[in-house]
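Peer 1: Sequence:
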Amino acid sequence: MKFEIGQQVSWVSQAGGRSREKSGKVVAIVLPNVRPHNFLFDAGNPDGRLLADTHILHPIDSSSLPRNEESYLVSVPGQTSKASPVLYWPRVSGLRQVDGSRPAPESAG
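Heads up: the sequence shown begins at 122 in my numbering, then just goes up one per residue.
Everything labelled a hint here was simulated from the structure, so no lab data went into it. Keep in mind that a hint or two might mislead.
To be verified - Straight-line C-alpha distance at most 20 Å; calculated DMTMM-like pairs for lysine to aspartate or glutamate:
(1) K143 <-> E125
(2) K143 <-> D220
(3) K123 <-> E191
Given only the sequences and the hints, what does the whole structure look like? Please build it.
Peer 2: What follows is the structure, encoded as structure tokens:
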């Protein structure tokens with residue numbers, strides 16, 4: 122399934138023997154074989170801004186190895202109203218559309 126910027130998604134993450142559902146908004150599409158760190162600071166933002174509608178002060182919670190397929194950066198709200206959002210790079214296979222969020226059109230071909 123493909124997603125668009127602004128679409129709400131969720132996934133289950135596992136750490137320390139616990140599973141937790143996370144949900145947030147797709148804020149960037151990462152091209153195949155590109156590290157999101159490069160995308161944030163180079164190709165995706167020629168004017169030097171990080172991401173237009175977020176104030177992310179933390180590094181991306183992810184592996185640093187590039188992926189072979191198109192993937193997505195997801196901004197998850199902080200745990201309090203004053204906390205900065207956290208940026209994740211979840212596996213595409215685990216992402217699902219949140220109800221009420223419109224699906225991306227499937228590409229022809």
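Peer 1: Indicate, hint by hint, whether the structure satisfies it.
Peer 2: Here is what the structure says about each hint:
With a C-alpha separation of about 18 Å, the suggested pair K143 and E125 falls inside the 20 Å cut-off, and the hint holds. A threshold of 20 Å between alpha carbons decides the hint, and for K143 with D220 the separation of about 14 Å falls inside it, so the pair holds. Restraint check for K123 and E191: satisfied, since their Cα atoms lie roughly 9 Å apart, inside the 20 Å limit.
The structure agrees with every numbered hint stated previously.
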